[in-house]
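Trainee: Here the protein sequences come in this chain order: A and B. Just so we're aligned: 314 in the numbering used here is position 312 of the first sequence, and the numbers increase by one with no gaps anywhere. Just so we're aligned: 110 in the numbering used here is position 108 of the second sequence, and the numbers increase by one with no gaps anywhere.
Worth flagging that the hints you see were computed from the coordinates, not collected in a lab. It is possible that part of the hints are untrue.
[What the hints assert, rightly or not] Pairs of lysine to aspartate or glutamate, EDC-like flavour, derived with a Cα cap of 20 Å:
(1) K255(B) <-> E122(A)
(2) K221(B) <-> E282(A)
(3) K221(A) <-> D426(B)
(4) K179(B) <-> E282(B)
(5) K255(B) <-> E62(A)
(6) K179(A) <-> E282(A)
(7) K255(A) <-> E282(A)
(8) K255(A) <-> D426(B)
(9) K237(B) <-> E210(A)
(10) K237(A) <-> E210(B)
Treat the numbers as computed from the prediction; the structure is a model and nothing was measured.
Protein chains: 2
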Amino acid sequence: MATPATSPSTEAGVNAYMRQVGAAAREAASAVARAGTRAKNQALEAMADAIEADAAALAEANAMDMEAGRGRALSTALLDRLELTPGRIAGMSSGLRQVAALPDPVGQVSELNRRPSGLEIGRMRVPLGVIGIIYESRPNVTADAAALCLKAGNATILRGGSEAIHSNTAIAACIHKGLLAARLPTHAVQVVETTDRAAVGALITMNEFVDIVVPRGGKSLIERISAEATVPVIKHLEGLCHVYVDTHADLDKALEVTVNAKTYRYGICGAMETLLVDREVASAFLPALGARLTQMGVELRGCEATRNVLPGTAPASEEDWHTEYLAPILSIRVVDGLDAAMEHIRRFGSSHTDAIVTEHYGRARRFVQEVDSSSVMVNAPTCFADGFEYGLGAEIGISTDKLHARGPVGLEGLTTQKFIVLGDGHTR
Amino acid sequence: MATPATSPSTEAGVNAYMRQVGAAAREAASAVARAGTRAKNQALEAMADAIEADAAALAEANAMDMEAGRGRALSTALLDRLELTPGRIAGMSSGLRQVAALPDPVGQVSELNRRPSGLEIGRMRVPLGVIGIIYESRPNVTADAAALCLKAGNATILRGGSEAIHSNTAIAACIHKGLLAARLPTHAVQVVETTDRAAVGALITMNEFVDIVVPRGGKSLIERISAEATVPVIKHLEGLCHVYVDTHADLDKALEVTVNAKTYRYGICGAMETLLVDREVASAFLPALGARLTQMGVELRGCEATRNVLPGTAPASEEDWHTEYLAPILSIRVVDGLDAAMEHIRRFGSSHTDAIVTEHYGRARRFVQEVDSSSVMVNAPTCFADGFEYGLGAEIGISTDKLHARGPVGLEGLTTQKFIVLGDGHTR
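Work the whole structure out from these sequences, hints included.
Mentor: Right under this line is the structure:
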């Protein structure tokens, strides 16, 4: 929106265009950082109004993308993600209103103490500055990501997939209306208007204009961005989540937790991909689980010990322990005790979310302390890994990195803290 | 210490050696992460005992480095930093005991709340894993950095300057004794035993073995590390700190604050390098300040308006506004109001520490909210930017980055947080 230049066609042209976008974002960032909560909320509500009022225009723009996508023979899965159904359009506007209702993290002061020097020293939460979002197909990310970044006081540069360019441009027009209604600079949210891939390369290396990049999409996109970016990246590589059913598990709870962890939704990153079962309870637990999951259409792949208990189960290969299926498939491994379970998680896991089912206090305690994942759970299914469930409000993604933000990243993860030092002429 | 192999001589050999060091650190990291506070403190106290007992051996090793340094015609400044005086040796052991006395950050749980789902969800502070420290000349960093990283539950790989190799190896032997006394793995702290520069290149790109790199040293070292590292870096580029004397300043306080900010110590990153004075108070304020600083041997460089008030002052060039002197030199600029002062800081500052002197509530409030530096101060000199003064205990450095840790980085900055989710068979 408010394009600094017409869409360029050469790589030098793309770079120059992206630098204009970056400079405009950097300038807008100061104004957004200073903006009050009321102005930001007003903008978000006005964006929601615009999306509701322009629903027909959004559907029309999306129809162009869908038609072009069918012409380019996009897969059914991609076309499904690309589609803006009336429900998804309503979801965008309600998402904007939900972000408006969240508490504003900016300006929050914590740990303010009087020090022996007499100075009061504490930390103030402040925006990061300019955030770049790189995403594929789902055009509703345009509204969701813009809302979170704006509420956290940041300027945003959005780079969606080329297949969604008409939808994203139409959503950007609604965002633009909202910013104008609240008298915020329209460059606070910019949608990159060129579909040239060089724009991504420019975005992730403009360190003077961009403070952080959040890639949202498949593993290959995120690996490429991580490898090439010089701007820091909040990344979510994959969710290869485990549930370990301990010897001391209540097997009824274990059944409910594991079935829920696998079947709540197959496509989410918190879905269980590998089940680890202690050898001592394998024959008591697996038949009931196998029956439930098979009935629900889940394909099972097991280690040899699993296949002894559940004859007819397909064999799991080493490759299976490494695989995030995101599908109705579950690999099952029988292990010898807690240490073997934690060793499997350490070796094959993705540090996303891992759970133990046990009634044994000491084992629960050890699992929680020793498993090095962004979320560690006891007697709860991994599918709970979600910003809303954690009380963070909406999330921009789930970070499997250790630095800055780990686990679901909500408004707080889109801010940082500075120290404030208040004195009255003190000297050292 | 406990070298996995003899010091290699080819680049392939260095890489293989560093990978052994990395793998040993990764393995030790799990044990250190699980170690109790008592064991870690016992190790730190035993290290301090060893340094005190082996003070003569340390001095002897250091004498070898000093002699070699003189032979290589190192500068007086470098030789000064390299020297282990009895005071500095005592400083290392008392530093170790101070870190032992700090609260252990590992395992601290915060924000644990019962959610609508019935689950209890909170955050647990956990170690980062393996930390690489790259530093120059000062051998006492070996003990200081190892202590902080160990207390925060991390394994450490220390790469000191080649000019300090004998001193560092002798300190490492004391650290080794301390780890053994507490039955912690000796690979929890490793000093890289080759002085080959390829070792640094390997350290900063071994993402599977190293979680974070902290370079401590000059700007060129840090810029090189930042450019080449694929492991995340906590970096401290420079401290180009400003004090702005506002129209509404109490000029007596302003005099004390600015003199202290410049002269407390010239070589620290929190030293004031540029003074900004509001035009309305320039002629009332500058003569007294000029007299005090000149008398203390500080060279002044001023803009035209400054030189009108303080005739004989050398002219400041654009280059001066960009310069971190770390020396008894001060650049002075007369500005037109708060916005001009903040604009100068935005343009020339290094986002380290900046201060305003004012009695005006609204201007203090705006300065605190709008200046985007790691520390923002009111009526206090910038030289207070320090982990001890902030109540963080010792610091590993002062980060001018926005992500993860900002400002003085103490024990907390050497840890991260994971989510813990406690249920009783809940499903979604």
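Trainee: Decide, hint by hint, whether the structure agrees.
Mentor: Structure-based check of each hint:
1. K255(B) <-> E122(A): holds, 17 Å
2. K221(B) <-> E282(A): violated, 59 Å
3. K221(A) <-> D426(B): violated, 33 Å
4. K179(B) <-> E282(B): violated, 62 Å
5. K255(B) <-> E62(A): Given pair K255(B), E62(A) is violated - Cα atoms ~65 Å apart, limit 20 Å.
6. K179(A) <-> E282(A): violated, 62 Å
7. K255(A) <-> E282(A): holds, 17 Å
8. K255(A) <-> D426(B): Judged against 20 Å, a Cα distance of about 8 Å means the pair holds.
9. K237(B) <-> E210(A): holds, 16 Å
10. K237(A) <-> E210(B): With Cα atoms ~16 Å apart, K237(A) and E210(B) stay inside 20 Å; holds.
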